[in-house]
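Numbering (the working numbering), first residue to last: 334 to 711.
These are computed hints drawn from the structure, not numbers from a lab. Check each hint, because a few of them may be wrong.
Derived DEER-like restraints, expressed as beta-carbon distance ranges [to be verified]:
1) Ser386 - Thr597: 17 to 27 Å
2) Pro576 - Arg400: 44 to 54 Å
3) Ser675 - Glu472: 34 to 44 Å
Restricting the straight-line Cα-Cα distance to at most 20 Å, the calculated cross-link-like pairs of lysine to any residue (SDA-like) are [what the hints assert, rightly or not]:
4) Lys486 - Glu476
5) Lys666 - Arg684
6) Lys651 - Ile701
7) Lys480 - Leu520
8) Lys486 - Arg502
9) Lys342 - Arg359
10) Lys453 - Glu487
11) Lys342 - Arg353
12) Lys565 - Asp346
13) Lys486 - Tyr412
14) Lys666 - Asn685
All of these numbers come straight from a predicted model, not from anything done at the bench. Backbone N, C-alpha and C define an ideal beta-carbon position, used for all residues, glycine too.
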Amino acid sequence: MVRPNRSPKGLFDPYYVPERLLHRDRELETVNGIYRDSIEDDFGVNCLVHGISGVGMTVFSRFFLTRLVPEQFNSHTVYVDAKHKDTLEIVSELNDKIHNETNRPITVAFDLDVLWMQFKRTASATDRRTVFVLDNIDETNEEVYSKVARLSKEINASTIGVLNSHDYRLLTKLPATHMAYDFEIPLDTYTQSQLYDIVRMRVEDTFPHQLTEEVIRYITDLVVEFDASKPKTTIEALKLLWPLASSGQEIDSDAVRNATMSITSFAHDNDYMDLIETISMNDYMTLLVLEAMCEHLMRYKTETYIDRQTLNELVQIKCEELGVRYGSNDIEKSLQTLIFQSIVFESGYSRNLLYVLAPPEIVYDAAIGLRRELARRK
334 MVRPNRSPKG
344 LFDPYYVPER
354 LLHRDRELET
364 VNGIYRDSIE
374 DDFGVNCLVH
384 GISGVGMTVF
394 SRFFLTRLVP
404 EQFNSHTVYV
414 DAKHKDTLEI
424 VSELNDKIHN
434 ETNRPITVAF
444 DLDVLWMQFK
454 RTASATDRRT
464 VFVLDNIDET
474 NEEVYSKVAR
484 LSKEINASTI
494 GVLNSHDYRL
504 LTKLPATHMA
514 YDFEIPLDTY
524 TQSQLYDIVR
534 MRVEDTFPHQ
544 LTEEVIRYIT
554 DLVVEFDASK
564 PKTTIEALKL
574 LWPLASSGQE
584 IDSDAVRNAT
594 MSITSFAHDN
604 DYMDLIETIS
614 MNDYMTLLVL
624 EAMCEHLMRY
634 KTETYIDRQT
644 LNELVQIKCE
654 ELGVRYGSND
664 IEKSLQTLIF
674 QSIVFESGYS
684 RNLLYVLAPP
694 EIVYDAAIGL
704 RRELARRK
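Please build the complete structure, drawing on both the sequences and the hints.
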């Protein structure tokens with residue numbers, strides 16, 4: 334059944350704000366408490382929100398601005414994304430938005446000094462406090478943030494600057510930036526279980542047809558393994574899966590691998606196949622384990638993992654068919670070799686669940702070809 338409130342905006346709108354912001358309670362409580370105190374005691378407060386790119390800084394700041402401020406504070410709210418904009422564009426947008434908030438007539442101007450004076454005059458004369466958010470601050474627009482932050486101090490407004498951790502370390506060493514903010518809110522990366530909750534919520538908010546729990550776990554496993562638990566990467570993967578799901582197609586492991594190829598592309602290089610050949614040239618059992626695993630994943634496309642018990646049973650059957658001595662310790666030794674060389678991976682949810690990155694057909698062909706070559710040599 335399709336939920337009527339599901340919308341692709343949750344994937345394709347860069348400024349989408351979910352109804353709930355998961356696993357940021359501590360940070361929200363901090364910023365909420367400080368800004369409440371500033372409004373009650375009538376003083377301005379400025380902060381910098383920072384983290385690695387893709388960890389959800391924009392969502393965090395916009396959630397505070399669009400969800401918490403309207404509910405709790407009688408304030409004007411102004412958000413400006415400064416990315417790829419020059420100083421004139423940023424100040425012009427600030428000016429437009431503060432005039433819209435205050436319902437004051439605006440005079441058209443194209444001069445930076447005139448625009449700034451209009452903005453400053455209107456911001457200073459508002460009948461309510463204002464919360465400004467300047468997103469994507471870097472060395473090209475730091476001066477604008479500093480000016481807005483200093484103005485906030487003068488007029489008892491508040492400013493949130495949003496920037497990645499690299500720019501934070503660079504810009505906060507400069508006197509102008511150091512004097513322009515009162516505290517910082519660092520956003521850490523998510524744990525695997527937290528990222529899973531975020532992916533699941535975004536799927537529930539957007540997908541017309543539900544993805545299986547196994548697919549959501551597989552996406553999360555890949556992002557945690559290769560891209561530092563960043564929600565942005567999971568959203569990029571879901572964007573590629575959305576057209577398939579919305580047309581009623583079944584999302585299998587191949588679709589997930591294709592959707593996450595941008596972070597796992599190295600697994601498809603020729604060197605990857607050379608690695609299989611190198612570690613397996615004198616190890617018949619390792620090739621047999623890899624062959625059995627990929628054969629299973631090829632047969633059951635909707636199964637993104639294989640568990641150790643199933644793998645052991647499949648290898649045991651192959652050993653009986655080929656007249657090869659079977660030993661569970663040998664299988665585990667082979668698995669550890671494959672895991673150490675990043676050919677096979679253990680799920681972060683359970684060591685019992687195993688998966689591969691490259692299409693299993695490719696790995697299977699390489700494994701069975703090398704195994705037959707070893708058999709001929711003997």
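Now the hints, each set against the structure:
1. Distance hint check for Ser386 and Thr597: the Cβ-Cβ separation is about 18 Å, which falls inside the suggested range of 17 to 27 Å.
2. Taken as a hint, the range 44 to 54 Å is violated for the pair Pro576 and Arg400, whose Cβ atoms sit roughly 30 Å apart.
3. One distance hint, 34 to 44 Å for the beta-carbon pair Ser675 and Glu472, holds here, with the actual separation near 36 Å.
4. Simply put, Lys486 and Glu476 have alpha-carbon atoms about 16 Å apart, close enough for the 20 Å limit, and the pair holds.
5. Taken as a hint, the Lys666 and Arg684 pair is honoured in the structure, with Cα atoms around 15 Å apart against an allowance of 20 Å.
6. Restraint check for Lys651 and Ile701: the C-alpha separation of about 12 Å stays at or below 20 Å, so the hint holds.
7. Restraint check for Lys480 and Leu520: the C-alpha separation of about 25 Å exceeds 20 Å, so the hint is violated.
8. Distance hint between Lys486 and Arg502 is unfulfilled; the C-alpha atoms sit about 23 Å from each other, more than 20 Å.
9. For a cut-off of 20 Å, the pair hint linking Lys342 to Arg359 is broken: about 27 Å separates their Cα positions.
10. The hinted pair formed by Lys453 and Glu487 meets the criterion: a straight-line CA distance of about 10 Å does not exceed 20 Å.
11. With a C-alpha separation of about 15 Å, the suggested pair Lys342 and Arg353 falls inside the 20 Å cut-off, and the hint holds.
12. A C-alpha spacing of about 12 Å is found between Lys565 and Asp346, which places the hinted pair at or below 20 Å, so the restraint holds.
13. With a C-alpha separation of about 18 Å, the suggested pair Lys486 and Tyr412 falls inside the 20 Å cut-off, and the hint holds.
14. Between the alpha carbons of Lys666 and Asn685 the distance comes to roughly 15 Å, so the proposed pair stays at or under 20 Å and holds.
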